[in-house]
Amino acid sequence: MSALDWVTGLTYLLASTLFVVGLHQMRSPATARVGNLVSAGGMVLAIVITVVFAIVTIGGNWIGWTSLILGLAVGSVFGALSARGVKMTDIPQLVSLFNAVGGGAAATVAFADFLHRTSGEIVGAEASVPIVLDILIGAITLSGSVIAAGKLQGIIPGKPIQFRGSRIVNVIVVIIALGAAVLTVVLPRNDLMLTVVLVAALLIGVLMVLPIGGADAPVVVSLLNAFTGLAVAMAGFVLDNQAMIIAGALVGAAGTILTMQMASAMNRSVVSIIIGGFGTGDSVVGSGGPGADAASVRQVTPDDIGIQLAYARHVMIVPGYGLAASQAQREIAELASLLTSQGIDVKYAIHPVAGRMPGHMNVLLAEANVPYTQMLQLEEANAAFDDVDVALVVGANDVTNPAARRPGNAVSGMPILDVDRAKSIVVIKRSMSPGYAGLDNELFSNTKTGMLFADAKGGLAEILAAVKEYVVH
Amino acid sequence: MTDPMFTNLALFVLSLLVGFEVISKIPSTLHTPMMSGANAIHGVVVAGAVIIAAMADSPTGYVLTGIAAAFAAANVVGGYVVTDRMLQMFRKPERPAVEDETGASK
Chain A
1 MSALDWVTGL
11 TYLLASTLFV
21 VGLHQMRSPA
31 TARVGNLVSA
41 GGMVLAIVIT
51 VVFAIVTIGG
61 NWIGWTSLIL
71 GLAVGSVFGA
81 LSARGVKMTD
91 IPQLVSLFNA
101 VGGGAAATVA
111 FADFLHRTSG
121 EIVGAEASVP
131 IVLDILIGAI
141 TLSGSVIAAG
151 KLQGIIPGKP
161 IQFRGSRIVN
171 VIVVIIALGA
181 AVLTVVLPRN
191 DLMLTVVLVA
201 ALLIGVLMVL
211 PIGGADAPVV
221 VSLLNAFTGL
231 AVAMAGFVLD
241 NQAMIIAGAL
251 VGAAGTILTM
261 QMASAMNRSV
271 VSIIIGGFGT
281 GDSVVGSGGP
291 GADAASVRQV
301 TPDDIGIQLA
311 YARHVMIVPG
321 YGLAASQAQR
331 EIAELASLLT
341 SQGIDVKYAI
351 HPVAGRMPGH
361 MNVLLAEANV
371 PYTQMLQLEE
381 ANAAFDDVDV
391 ALVVGANDVT
401 NPAARRPGNA
411 VSGMPILDVD
421 RAKSIVVIKR
431 SMSPGYAGLD
441 NELFSNTKTG
451 MLFADAKGGL
461 AEILAAVKEY
471 VVH
Chain B
474 MTDPMFTNLA
484 LFVLSLLVGF
494 EVISKIPSTL
504 HTPMMSGANA
514 IHGVVVAGAV
524 IIAAMADSPT
534 GYVLTGIAAA
544 FAAANVVGGY
554 VVTDRMLQMF
564 RKPERPAVED
574 ETGASK
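First to last, the sequence lines map onto chains A and B.
For the first sequence, my numbering begins at 1 and goes up steadily by one.
For the second sequence, my numbering begins at 474 and goes up steadily by one.
In short, the hints are calculated from the structure, not lab data.
Incorrect hints may have been included.
Distance ranges between label pairs, derived from CB positions [unchecked claim]: (1) A:S28 - B:L487: 33 to 39 Å; (2) B:V486 - A:T31: 25 to 31 Å; (3) A:A73 - B:D530: 18 to 24 Å; (4) A:P188 - B:V486: 30 to 36 Å; (5) B:E494 - A:V48: 25 to 31 Å; (6) A:G85 - B:P532: 32 to 38 Å; (7) B:V486 - A:G179: 25 to 31 Å.
Glycine residues also receive a C-beta, built at the ideal position from the N, C-alpha and C atoms.
From just these sequences and the hints, can you work out the full model?
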């Protein structure tokens with residue numbers, strides 16, 4: 001090993017340590033921002049030493065380096081602009097898009113490396129296997145993530161897209177991809193075969209994600225995030241680059257855990273989401289009846305709610321995606337801070353899938369200046385509901401349905417917020433329409449529950465005005 | 474199986490385990506920034522783009538280098554920037570308004 005090998009190896013080790021430490025610091029909001037910077041510092045180290053290493057040991061020519069610099073410039077500008085300009089409600093799409101390009105980059109790297117292998121000779125399994133895996137996974141991620149982002153953005157219809165004979169087409173494309181992959185490994189270097197792998201994998205990505213419903217798209221984004229990690233790790237095997245192997249594996253693990261947690265919070269299995277989309281049709285069982293009519297519930301006015309809130313001691317806000325959809329984060333935060341200023345204890349009970357992906361609601365509330373100390377996770381919130389005087393449910397539905405505690409329905413076993421244990425419950429909702437699970441929410445017909453049929457933003461504004469009447473003298 | 478290959482495989486498996494261990498301790502409050510931050514970490518594929526840039530010696534090679542570099546840079550720069558933007562919004566109550574720096578007007 002030369003001195004440069006040593007320095008490079010040690011720098012990679014340091015960079016990898018910084019990645020792990022950075023991720024570790026994300027366990028608390030107080031240290032998370034520093035953690036992200038620590039991780040970015042590791043990234044700068046890894047990239048700089050790679051540049052030095054590549055110049056000294058490989059050299060290259062000016063055209064190659066110019067292509068690199070141009071590419072980096074274009075990509076950096078695009079990345080920075082979209083990251084700075086994105087609305088917080090659109091974060092899932094952007095993550096998906098960054099994911100797509102990461103997978104694409106990994107696949108491109110493997111392809112370029114393959115073209116440098118000696119022609120007319122078998123490449124050797126230790127290189128060709130990671131190359132084909134990288135291209136398979138990377139290309140699936142590239143096209144799949146673009147489709148998922150399109151669905152989240154609403155450019156591509158959110159409802160599952162299927163066509164006649166799609167299952168047969170899927171099977172054929174998968175067979176072609178795998179067949180070409182095997183041939184790439186066993187034949188002497190064959191660029192055409194590898195191109196077939198690439199194109200087939202791109203098609204698989206499209207075919208896999210198109211049939212998945214918009215509501216499941218975040219799970220797919222998370223899964224593809226894990227895929228990109230694995231693709232990058234494979235690229236690391238191809239280039240014998242330890243920083244890429246370690247970082248890729250870390251992300252692979254992160255994506256996998258998040259995917260499983262997300263699926264269980266939605267009461268679905270990852271397999272049923274992917275297989276459900278991949279050919280067999282969506283498997284959501286809608287056992288909901290015709291839907292309870294608004295007459296069977298107790299309706300309340302914004303004024304009633306204002307009085308209840310003004311005289312409560314503990315208030316728990318239960319936000320759902322409906323809140324974000326009507327852009328009412330500011331209103332809810334304003335209401336909460338008004339109540340807090342009156343000495344009322346206000347907390348937010350946030351279900352893992354309250355937003356469009358886990359933790360998304362927390363980001364949206366943080367943007368509206370809600371302190372993170374007021375945001376309770378599922379378990380913390382459920383431990384607190386017995387003492388809550390008023391639970392204010394805004395735009396949340398299935399995640400509050402007590403039917404989940406009984407077997408035999410669409411939400412059975414799903415982790416829910418125990419809103420029904422609060423002393424009094426207020427639900428702001430546009431109509432009685434059932435949620436994603438297609439099931440009536442028993443919480444709404446609870447005798448403790450008062451319903452306000454309104455858009456979240458408008459309803460909250462009226463409640464805010466009512467509360468002001470009672471607290472401001 | 475060659476020796477370096479085995480070392481790399483061990484590294485891969487152990488990193489997966491470390492990843493599982495570290496990530497499972499992150500509260501759901503921070504899952505979105507964590508996912509985005511992890512997303513930025515796989516931007517280390519920039520290192521791969523650098524290596525293929527050094528190896529490139531044909532028009533195809535130059536084009537692939539440019540594509541890989543643009544993709545990877547968008548991933549790494551965008552990933553870290555958007556994660557930082559999210560995390561800087563997470564604040565404690567009663568924070569003095571003095572140190573309120575960017576964007577978050579109110």
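Status of the hints after comparison with the structure:
1. For the hinted restraint 33 to 39 Å between S28 (chain A) and L487 (chain B), the CB-CB distance of approximately 25 Å leaves it violated.
2. A beta carbon spacing of about 28 Å between V486 (chain B) and T31 (chain A) agrees with the range 25 to 31 Å that was offered as a hint.
3. The supplied range of 18 to 24 Å is met by A73 (chain A) and D530 (chain B), whose beta-carbon atoms lie about 22 Å from each other.
4. Restraint check, P188 (chain A) to V486 (chain B): a C-beta distance of roughly 31 Å satisfies the suggested window 30 to 36 Å.
5. A hinted range of 25 to 31 Å for the beta carbons of E494 (chain B) and V48 (chain A) is consistent with their spacing of about 29 Å.
6. Take G85 (chain A) and P532 (chain B): their Cβ atoms lie about 34 Å apart, and the range 32 to 38 Å holds.
7. Checking the proposed 25 to 31 Å range against V486 (chain B) and G179 (chain A) shows it holds: the Cβ atoms sit about 29 Å from each other.
The earlier numbered hint that this structure contradicts is number 1, and it is the only one.
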